[in-house]
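Below are the chains, spelled out letter by letter.
There are 2 protein chains.
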Amino acid sequence: MPRQNYNNISINRRKFIAQITTAAGSAVALASPLGGFAAGFIPMQEWGTVGAVGAVGAVDTGVTVGQIMDMFIKEAPGAPFPNTVDTLKSGSRDVVVTGIVTTMFATVEVIRKAIALNANFIIAHEPTFYNHTDETGWLEKDDVYRYKADLLKKHNIVVWRNHDYIHGVRPDGVRKGLVDQLGWQQYEDSSHVIYNLATPMTLKALIGDLKQKLNIEAVRYVGDPEQQCKKVLLLPGAYGGKNQIQSISNTQPDVLVCGEISEWETAEYVRDARSAGKQLSLIVLGHIVSEEPGSEFMAKWLQTKFPSIKTTHIPTGSSLSFL
Amino acid sequence: MPRQNYNNISINRRKFIAQITTAAGSAVALASPLGGFAAGFIPMQEWGTVGAVGAVGAVDTGVTVGQIMDMFIKEAPGAPFPNTVDTLKSGSRDVVVTGIVTTMFATVEVIRKAIALNANFIIAHEPTFYNHTDETGWLEKDDVYRYKADLLKKHNIVVWRNHDYIHGVRPDGVRKGLVDQLGWQQYEDSSHVIYNLATPMTLKALIGDLKQKLNIEAVRYVGDPEQQCKKVLLLPGAYGGKNQIQSISNTQPDVLVCGEISEWETAEYVRDARSAGKQLSLIVLGHIVSEEPGSEFMAKWLQTKFPSIKTTHIPTGSSLSFL
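Sequence order for the protein chains is A and B.
First residue of the first sequence: 1, per this note's numbering; consecutive thereafter.
First residue of the second sequence: 1001, per this note's numbering; consecutive thereafter.
Derived from the structure by calculation, the hints contain no laboratory data.
Glycine residues also receive a C-beta, built at the ideal position from the N, C-alpha and C atoms.
Incorrect hints may appear among the rest.
Said to hold, decoys possible - Reference excerpt, derived from the structure (chain A facing chain B, CB under 7 Å, subset only): (1) E109; (2) Y147; (3) Y187; (4) E188; (5) T202; (6) R220; (7) V222; (8) R271; (9) A273.
Claimed, not checked - Below, in silico cross-link-like pairs of lysine-lysine (BS3-like), each with a Cα-Cα straight-line distance of 25 Å or less: (10) B:K1231 <-> A:K141; (11) A:K231 <-> A:K176; (12) B:K1310 <-> B:K1153; (13) B:K1231 <-> B:K1213; (14) A:K231 <-> B:K1141; (15) A:K310 <-> A:K74.
Said to hold, decoys possible - Which bits of chain B does chain A cover? Going by a derived footprint, with three or more residues having C-beta under 8 Å, they are: (16) 1136 to 1147; (17) 1156 to 1167; (18) 1221 to 1231.
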């Protein structure tokens, strides 16, 4: 398959997600009965100490957020992208960076760790405020949003989302991070999405291998655990049902390994394919674990380009457990 | 909270999902390299026998698909809805019904069971062709789609999606089915989404109770297994991240029990809420198991209104297993 097709998929994926969120954003916001914050919140002061320690240890690197962003962005062919979610979610380009944290999500916990590390710049792969374009109008009265926004503001933390650009560099930084962690470099074919394993593995063994290498508690799957898998279609993140299904149709793999699905799309397609007699399985790793290696890739890039700035990759870890 | 708000949520949910799918549909279809069906398919003839047995035993009830649809639709306030996904996915309104199957998904397996039961009318809650509006143009060259469409056509099976209307009747038929199965009728408050349990349960015990009552292999969750849960926000299906989060914000429950999420939305919100000190957990049941009782509700309705027609509820069962 020509590489061009997969560039299209990558672009379509961005459009797809942006459109989803535009659609979601058009839903009418409900009036919130909350007059203020709910009881039970950890007072912000509790984090003042950690923040203060960070402030005392501040290092003036002289490098601004904008300089770092620009240097990464220019590595992506076709950059800057006209419509991108890769905007600042808090703070400004002019802030001088004291330290950097790369991560999948700028969670409250990651923000606290950044503060403790005296890192005032978080580069996150995914949204900060629970929707793809980080619209916040609908969250203005929400106590969780307010807590997080105030925490960022109080400690002058800058958050930049690096999603479209890290997928846009060649090779895709997230894929490279993941494939490096899996040790699958030599299996990649010219489509850059198919990995032909050296020896076939049962689905069960493949799941075990992925869980061990990516430190995953459990996965969801469709298929016969004893099915032999050699040709793997690897699509980290939430690629979109249509793109996942079209990629299966185009590449005819033994198994799709992906980050996230909508249950009524890819899972049902794979179930029907199996009922129709095809040898096809699905492994849903979880969105975060499938793309976290991209933040490791980003940390390495920063350490190379800005060796004087302390950069730390803080794995967000999966939000979801299994029981 | 006034009921009106939740009617809005219900309507917004439909809009939300319809808009998502319109967006998905706008992605450019990739050219498929497939010239025909892939090897390994079960020949259609294998199912000819079962279909033939069904045909021999055909019962002329005199009732058409359209008559059954119309009788259900008129029960929903505001019906008929101008924009709905509740259309026929195969066959026509004029077909005389020999038997009915209700289910979550008209999977290949469910279609085969319907054929074996001599039921030529499947009423499914979710899409047949792997996307919300059941667009099929992008699937024309796909072998799995072709297999399923041909199976339906060969055996003259009519599929009607009953999604918006079963959610539109009062009470919501899916919710009623689920709440009946859980035995939670007496816990429902006037919002119709909050259930105040008689006695608080730990999150772990609540998960165990849900798994047992709904026959679930495993769930995904966010929270402390020992957290006490009394006020439960119950949102079956894929309610949309924004709607789930706004419902949490509006009702301040101990736990949200839902069918499906996007990981970057509700799961991250709940994680941050917990980090901020709130007592809030999340249980993700799985989309199918959370709404399958709605198909049981539908079967009961049909058995009451059309007692002369054999109606069978065939649980689709979850497509996804855990390992």
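Tested hints:
1. Given the 7 Å rule on beta carbons, the hint for E109 of chain A holds: about 5 Å separates it from the nearest Cβ of chain B.
2. Given the 7 Å rule on beta carbons, the hint for Y147 of chain A holds: about 4 Å separates it from the nearest Cβ of chain B.
3. At a threshold of 7 Å, the smallest CB-CB gap from Y187 of chain A to chain B is about 21 Å, leaving the interface hint violated.
4. Because the smallest distance between the Cβ of E188 of chain A and any Cβ of chain B comes to about 19 Å, over 7 Å, the interface hint for this residue is violated.
5. For T202 of chain A, the interface hint is violated, since its Cβ never comes within 7 Å of a Cβ in chain B; the closest pair sits about 12 Å apart.
6. Proximity of R220 of chain A to chain B holds as hinted, the smallest CB-CB distance being about 4 Å (cut-off 7 Å).
7. With a least beta-carbon distance of about 5 Å to chain B, the hint placing V222 of chain A at the interface is held under the 7 Å criterion.
8. Because the closest C-beta pair between R271 of chain A and chain B is about 4 Å apart, less than 7 Å, the hint holds.
9. Taking 7 Å as the C-beta contact cut-off toward chain B, the hint placing A273 of chain A at the interface holds, the least distance being around 5 Å.
10. Restraint check: the Cα-Cα separation between K1231 of chain B and K141 of chain A comes to about 21 Å, which is no more than 25 Å; the hinted pair holds.
11. Distance check on the hinted pair: K231 of chain A and K176 of chain A sit about 18 Å apart at the alpha-carbon level, within 25 Å; holds.
12. Straight-line distance between C-alpha atoms of K1310 of chain B and K1153 of chain B comes to about 22 Å, which keeps the hinted pair within the 25 Å bound.
13. A C-alpha spacing of about 19 Å is found between K1231 of chain B and K1213 of chain B, which places the hinted pair at or below 25 Å, so the restraint holds.
14. Between K231 of chain A and K1141 of chain B the alpha-carbon distance is near 21 Å, which keeps this suggested pair within the 25 Å criterion.
15. The suggested pairing of K310 of chain A with K74 of chain A holds, with an alpha-carbon distance near 22 Å, which does not exceed 25 Å.
16. Counting residues of the region 1136 to 1147 of chain B whose CB lies closer than 8 Å to any CB of chain A gives 7, which reaches the minimum of 3, so the coverage claim holds.
17. Coverage of the region 1156 to 1167 of chain B by chain A is violated. Counting CB-CB distances below 8 Å, 0 residues qualify, and the rule asks for three or more.
18. With 3 residues bearing a CB less than 8 Å from a CB of chain A, the region 1221 to 1231 of chain B meets the requirement of three and the coverage assertion stands.
Of the numbered hints stated above, those contradicted by the structure are hints 3, 4, 5 and 17, listed in ascending order.
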